[in-house]
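Enquirer: Spelled out from the first residue to the last, the chains are:
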Amino acid sequence: MIEMMTANYAAAHGARLARADVVAVYPITPQTSISEKCAEMVEKGEMDAKFMMMESEHSAMSALIGASYVGARTFTATSSHGLALMHEMLMWAVGARRPIVMPVAARTIGGPWNIWGEHQDVITERDVGWLQIFCENNQEVLDTVLMAYRVAEDPEVMLPVMVIEDGFILSHTVDSVDVPDQEAVDRYLPPFRPEHPVSIERPMRHGGVVMPDWWTEFRHRIYLSQEVARTKLLEAEEAFQKEFGRSYGGMMELYRCDDADAVLVVAGSAAGTAKEVADKLREEGKKVGVAKLRVFRPFPAQEVHHLGKKVRTVGVFDRSYTFGDGGAMFNEVRSALHGQRNNMKNYIGGLGGRDVTVKNIEWIFEDLLKIASSGKVDRTVEWVALKDGSGRW
Amino acid sequence: MHRTYKDLPSEPVAMQSTEDIITGTWRSIRPVVNEDKCIRCYMCWKYCPDMSIIVEKEGDYPTVDLDHCKGCGICSNECPRGAIKMQREVL
Amino acid sequence: MLEVRFHGRGGQGAVVASEILAKAAVREGKYASAFPFFGVERRGAPVMAFCRIDNRPIRIHAGIYDPDHVVVLDPALMGMIDVTEGQKEDGTLLINTSHTREELNIPNGRRTVLVDATAIALRRGLGSATAPIVNTAILGAFARACPEVGIDSILESIKDSVPAKREQNLAAAQDAYKQLEGL
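Respectively, the protein sequence lines represent chains B, R and U.
Note that the first sequence ends on residue 392 in numbering that gives the first Met the number 0; no numbers are left out.
Note that the second sequence ends on residue 90 in numbering that gives the first Met the number 0; no numbers are left out.
Note that the third sequence ends on residue 182 in numbering that gives the first Met the number 0; no numbers are left out.
With the rest of the complex left out, here is chain B (with noise of 0.2 Å):
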């Protein structure tokens, strides 16, 4: 049924037909919605799970790795300073290897205060052992959390799962989603059966202390299970695709990339914009196309290297800084281009809440076509729309 919300009441209802059980949160804007919408549906009973109004993001990632170790299915949102506060927790989950399924509807992190979107608190996380799928629109949203429990449940993958919807940009835009039927989740994702559940009937002990002789094998595990998790998402999508009649196009989306003389990667709700600006350019004639980079761990390494055989000329947009270098998915994808004779620029940009419009982007590809015509890249590092006087913006 199609239903007007937001993407926070997209991945609440995700929440309520994957049949979490366990439900542990701590509000943050602007991820609360989907705490409150969770809230709501536990009272109202139209979701049978456990609510926990925990004491701090800390202690709800801690509450879930705990409910998950007995075999519920669990669920929690955050954002910011409150991903950031996880840190540790976020960590533990990995090596104790729950399934815990978690949007985060992204933000900046202070100081100073700034409560507005961009993509800095998950990327500073990307090296946590979470699975991270950024999200387009809010039918993503609900979609992604399905499919996120098919993936980290898996038993060869048992990894948790972070599902980025953009803070404000999707979290709070009203749009169209279409809910899908109980039984058609239900077909979809079969229940949560944990390997070793802890019972009273079968002792046995979670978080011990793993000795310098197998910690190396351990760690490797987590690897491997990442992966893994390339092929078990795609099968995850397919699957989806065969139930629910939608589909994201994979690790790496590629829109309009096959003639394309060059190419934007971009992450996110700004990957929609991106790919109407395509349109509107091919329209003239500037054969451009959108990558839209939707798994970010693991790294769709591969996909991206396929991408600069088809394309020489590569942008990538970042919504977040690493500072004393460029951004994040620009260095992850000038490695996966490595050896190959792309010309490659970063732009980064959409920082605070600052709108990431139609125009940054048609400038973005003419810049780009730019470069694609002369093979020279004037600066490798480009903040886009900066106020700094130079007239370029």
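Keep in mind the hints are simulated off the structure, nothing from the lab.
Cβ atoms here follow ideal geometry from the backbone N, Cα and C, with glycine treated the same way.
Treat each hint with caution, since some may be false.
Claimed, not checked - Listed next, the stretches of chain B that the computed footprint assigns to chain U, with coverage defined by at least 3 CB atoms under 8 Å from CB atoms of chain U: (1) 163-172; (2) 257-271.
What the hints assert, rightly or not - Listed below are several chain U residues computed to face chain B (Cβ distance under 7 Å; list not exhaustive): (3) Glu18; (4) Lys22; (5) Ala33.
The hints should help you fit chains R and U onto chain B, whose structure is shown.
Expert: For chains R and U alone, coordinates are given in the frame of chain B:
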């Protein structure tokens, strides 16, 4: 014990109760209950972080599970009557 | 694509109005999205809300800078900000006011529709004299002033969206719609 990578469980879990792990060997000082001073308030039982104070039934004097007591001294610290003294372990 | 901008103050219901309009368009088989200007939320502060309507899914996730139609819920804002900033030449300016076009100093050339949504809202018991809730009345006027979304779907959408005083809200929208008959 695990010998090869393949023997490892899928997640870091030990299919064994903590009861089977004798942690009492870590102890350098042990609690000794003086039953003349003990008023059987069981504060020691309540505070012991390792569930190593044993009270079989109400009214009994507390005893110490020396297989698991690590000798932290919390029971002694919490006892309102000073009825638990920590004594050095001797070989 | 049709783009609409709402100007109001925190508490007047501009954000809800943009959502009701989007829902109404979707009822007619179109695609729509609605979003507020993500500023600091405070009762009485000037707020903006936006709505995009199209015949295909909305992919643009950027702000609206050159709207077709502009809806002003509080005419006092017109002294503070240029509500027609960036508005397309052929778009309609819909204002909640008891004043005339001349009194509001609206330049010629811009298609402007005036409706006293405050009076309608108060007559229907929506909000108070100091804080009338005018969003449903102005949406009734919108259905008359702008042909893109019909009154029936707006009424259905109001029915689904307002948490309280459903009948009064529906009546307010109908009042405004009737008042502008022959427009």
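Enquirer: Hints first: check each against the structure and report whether it holds.
Expert: Status of the hints after comparison with the structure:
Against chain U, the region 163-172 of chain B contributes 6 residues with a C-beta closer than 8 Å to a partner C-beta. That satisfies the three-residue criterion, and the hint holds. Counting residues of the region 257-271 of chain B whose CB lies closer than 8 Å to any CB of chain U gives 3, which reaches the minimum of 3, so the coverage claim holds. The beta carbon of U:Glu18 is positioned within 7 Å of a beta carbon in chain B (closest approach about 5 Å), and the interface hint is therefore held. A hinted interface residue such as U:Lys22 counts as satisfied when its beta carbon comes closer than 7 Å to some beta carbon of chain B; here the least separation is about 5 Å, so the hint holds.
With a least beta-carbon distance of about 4 Å to chain B, the hint placing U:Ala33 at the interface is held under the 7 Å criterion.
When held up to the earlier numbered hints, the structure conflicts with none and fits them all.
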